[in-house]
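Chains as they are written, first to last, in our numbering: chain A, 4 to 462; chain B, 1044 to 1170; chain C, 2 to 499.
Cross-link-like lysine-lysine pairs, in silico, DSS-like; alpha carbons within 30 Å at most:
| id | chain 1 | residue 1 | chain 2 | residue 2 |
| --- | --- | --- | --- | --- |
| 1 | A | Lys329 | B | Lys1120 |
| 2 | B | Lys1120 | B | Lys1105 |
| 3 | A | Lys446 | A | Lys94 |
| 4 | B | Lys1144 | B | Lys1120 |
| 5 | B | Lys1105 | A | Lys329 |
| 6 | B | Lys1053 | B | Lys1120 |
| 7 | B | Lys1144 | B | Lys1053 |
| 8 | B | Lys1053 | B | Lys1146 |
| 9 | B | Lys1105 | B | Lys1053 |
| 10 | A | Lys433 | A | Lys377 |
| 11 | A | Lys446 | A | Lys377 |
| 12 | C | Lys402 | B | Lys1053 |
| 13 | A | Lys329 | B | Lys1053 |
| 14 | B | Lys1105 | C | Lys471 |
| 15 | A | Lys446 | A | Lys66 |
| 16 | C | Lys402 | B | Lys1105 |
| 17 | A | Lys329 | B | Lys1144 |
| 18 | B | Lys1146 | B | Lys1120 |
| 19 | C | Lys471 | C | Lys402 |
| 20 | B | Lys1144 | B | Lys1105 |
| 21 | A | Lys208 | A | Lys433 |
If we take Cβ atoms under 10 Å as the criterion, some of the chain A residues that face chain C in the derived model are:
| id | residue |
| --- | --- |
| 22 | Val260 |
| 23 | Leu301 |
| 24 | Asp307 |
| 25 | Gly356 |
Bear in mind the hints are in silico, worked out from the structure with no lab data behind them. Bear in mind the structure is a predicted one, so any value in this text is a computation, not a measurement. No residue lacks a Cβ here, since even glycine has one placed at the ideal position from N, Cα and C.
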Amino acid sequence: MRHIPVTCDQREAMLRAVGCSNISDLFADIPEEVRFARPLEVPGGLGEMELLSHMRGLADANKPASGLVSFAGAGCYDHYVPSIVDHVLRKPEFFTTYTPYQPEVSQGTLQAIYEYQSMICALTGMDVANASMYDGATALAEAAMMACRVTRQRRVVCAGTVHPEWRRTLSTYAGAGTFDVTFLSPDETGLTPGMGHSAAASALKNGDVAALLMSSPNVFGNVEDVGAIAALAHDAAALLVVGTNPLLLGVLEAPGVQGADIVVGEGQPLGNAMSFGGPAFGFFACRQAHMRHMPGRLIGRTVDVDGNDAFVLTLSTREQHIRREKATSNICSNQALCALAAAVYLCAVGREGLASTARACIAKAHYLRDRLLKTGRFTAPWDAPFAHEFALVYDGDVAEMHAAMLEFGFLAGVPLSRIESAGPAGPTAKLAASLVLFAVTEKRTRMEMDAFAGEVASL
Amino acid sequence: MYPSDLKYDKEHEWVRVEGDVAVIGISHFAQNQLGEVVYVDLPSEGDSVNAGEAFGEIESVKSVSELYTPADGEIIKVNSALADSPETVNEDPYGDGWMIKIKLADPSQLDGLLSAEEYEAFVSEEA
Amino acid sequence: MTEKLAHTPGSAPSRGPRSLIFETGAPESRCVMPPALDVPEIDLDAALGGATRSEPPVLPHVTEVEIARHYAHLASMNFGVDSGSYPLGSCTMKYNPRVNEDAARLEGFSGLHPYQPESTTHGALELMVGLADALAEVSGLPGVTLQPAAGAHGELTALMCFRAYHVDCGDARSRVIIPDSAHGTNPATVAMCGYQVTTVPSDADGGVDMDVLRSVLDTDVAALMLTNPNTLGLFDSNILEITEAVHAVGALAYCDGANLNAIMGISRPADMGFDALHINLHKTFSTPHGGGGPGAGPVCVTEALAPYLPGPVPFRREDGSYGFAQPASSIGRVRSFYGNFGILVRAYAYVRALGGEGLREVSEQAVLSANYLKERLREAYDLPYDRTCMHEFVLSGSRQKREYGVRTFDIAKRLLDHGFHPPTVYFPLIVEEALMIEPTETESLEELDRFADAMIAIAEEASRDPELVKGAPYTTPVRRLDEAGAARNPDLRYRPEE
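With these hints in hand, go ahead and build the complete structure from the sequences.
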């Protein structure tokens, strides 16, 4: 049998050794009424060659964005992944190991994740980063719950410019009953209303807000004034939670410098395949003062009995296996291998490569936006600063344009209507049906962008 | 191991009465059970505490225990040195390892506590 | 072998620590840079509204060869399933088939963007529906969400659905019952759902104490969370009585699926009376643990609970095409996109390789191997629950502690010197000095015997030379760590010297 090395003869011998005459004796504790009487109806039994051929058939029934000229982003980006990344991930000593609970034989994982934590701290400008969360959306929800613990409040205010799926996740977690969430509609410029806006002021006025949650760049790609919003949050004695794109932090100011108390985000842009949206990882970083309220695993540096440098899971008393119902989160498995991919990616591109990559994405996005505006088919809904993603209003049927461009081999961005529950009522709601989000990565060339603009113009 | 001038409770705290003030810490038995203490979470000065309620937490590498006060009162002093050197709880549980001082609301609440002798008998049963 | 290992205190480990990657390379070192810019440069500060970085992030400067060597060295300090037996109870560290890794990396899967038009993702949707169908068949529970990223995430998802269901029935209720042998994720999940935990003790046979259970059940109880087989590796024979009692007060029964590897094709959680189950694909369905993740924790529920599942849920249309649907009373969503899709691909490949019959054989062998090890070790260690076990069993090191002062912790560390990953230790909490052993079906008889021999040898070492065991390990890349120091003075990131 596949992956069962015990032979039939050995199986008989083992049965005799345990005093059973046949396998069913082993299941005598299972009452007759709950025994499963028939065979499982699960198709299978494929040999490796047939299996791979079957899997290829399924894969070939898809038309992956990576094989198209893709301008799709909205939380998942088609960046180049250096070869070395997957070669490291494929090492069985990394991918076949469990959580490093036995540090003496897990130094590889432990040191790699300590280095990852260090890189996330460097990018975000924060003091402490954990070993990863499931994704950006759950990292945001965990940040909301952590802010409630820190401030002993139970309400958070979330900017309406945060990715709709993150907001939906946050609402779902809030629906479980431990905190409340209020959303703040975006203003007419595609940004979070700041100081002086009545909406922002009234959302925060009661002094009962644990945190203000925002993202920059926001779902429209716009770069928010994080410093001003930090002041707004801190004036209301709330923490500021900032969601961000780690790749863009190669050139964007670190949220920690701008006043963020917790920084979270989706780590996929750093060396992880799009893979239909998962697995990648969420990153989570905070200030030293709040360290003991953090969710997730932390790895620290220490020494062994011989005085050698060594790494170990630490501050574990925060976690579910020790503190149980009083734990800071129920998270156990995280996304360690995806975090490792990010660390290897950041080594491969380095400080300069990350900045150059971010700069290239931003320059190309600005180029494409100009080209698309010049076609006359698109108009700009606002004039906010943006990085590598932007929203435009299409003057025709978005679905038709999208389908037509697919025929030409282009993935024409993400129609905002494609992302569920695009947002609370506000100026953007009216635009939702005609807004298209375009993201540009370093993989796109000027020639591709010119060709795309040309085809759209001729529709 | 269990100084005779102290009183003890069954949650393994000790109490030293100084007039209407009670100094509270954990016993030698408790620190030994915990192993290496790595963190002590204490309340703020000015907080009030109630008998039988947790006032803080003490952590070893792989466990967390709550700290209880045997009497009501107001916290007038917290041993802030434990923040930087929690190991003092292991090294000197009855001296520099003290945790809080409270101004007793009702000193008679301490009447039911164990003497050193009674406590020693109690822990030898637990062990 | 034991003798060779026994001498080694103080000897140099084969592979010691390595410098941090930050301390490797030189400022001018480069590995991969993006191509030269083919569009006009822009004024970055103007484009970003003045939000450009004031200080560049401290990231490594290294060449590819330095990266390759760094991670090769780090890998050499790890012990994985490929390194040897990994009998970590409750974690099901089975072999991770390589073809599944290749399948997940096919560009038709790995290159998919989550917002591509549905017409371009039919293969992915077919795969997800196929996996959901298989999980529904194994569990007997027809409603499936593949969204949760891990087991604990699945628990949370299910409890959120329970809460929504109870609210629809008129009352969210306030308590969830958990046995004292439960995984820590159970109570932590309960707290995240705003419920109070009521703990029930185990009876002398290691099952739920029925009298206590009945005494705590009332109409304020939202659910019971139970692992069956439980964390002692025992099948609770009262399972029908338990779930009936739970249902009698209008509560729901949740099965923690961590131990599903024992019962595939043998007994279905639905038939035991459970309303919901999470499945750890990274345990039972062979996807790798990745050094802590990513896993996947799909949740299977009854028809009555299916409308509450998070969306979108992939489904097959009458015409054979595929799409996503939002369940009628959905709780919302528990993460971005659709789940850890790359993990679902691996699990699907595993299912198609084994089929229904193969899955049953997996469970049969997993249970036989555990019982075999239990028989081999019953003399050398205490066996607090002496019954036929399922896929794992729990020994106690109490005798070694009492007679020689050797703790289970020491035994675990000594196993490292013998070339094995230790079992889960000090869990479940109800067994003193617990050693929880789960060999899985992918260990050969020779490996099982080698592990048993090592355990017996260590029991013998404990009696003959306790100090030897208490000083272990000696042969690992590093030795016992100063964990208290790590917690007292946390050093959680690299700080470049000023």
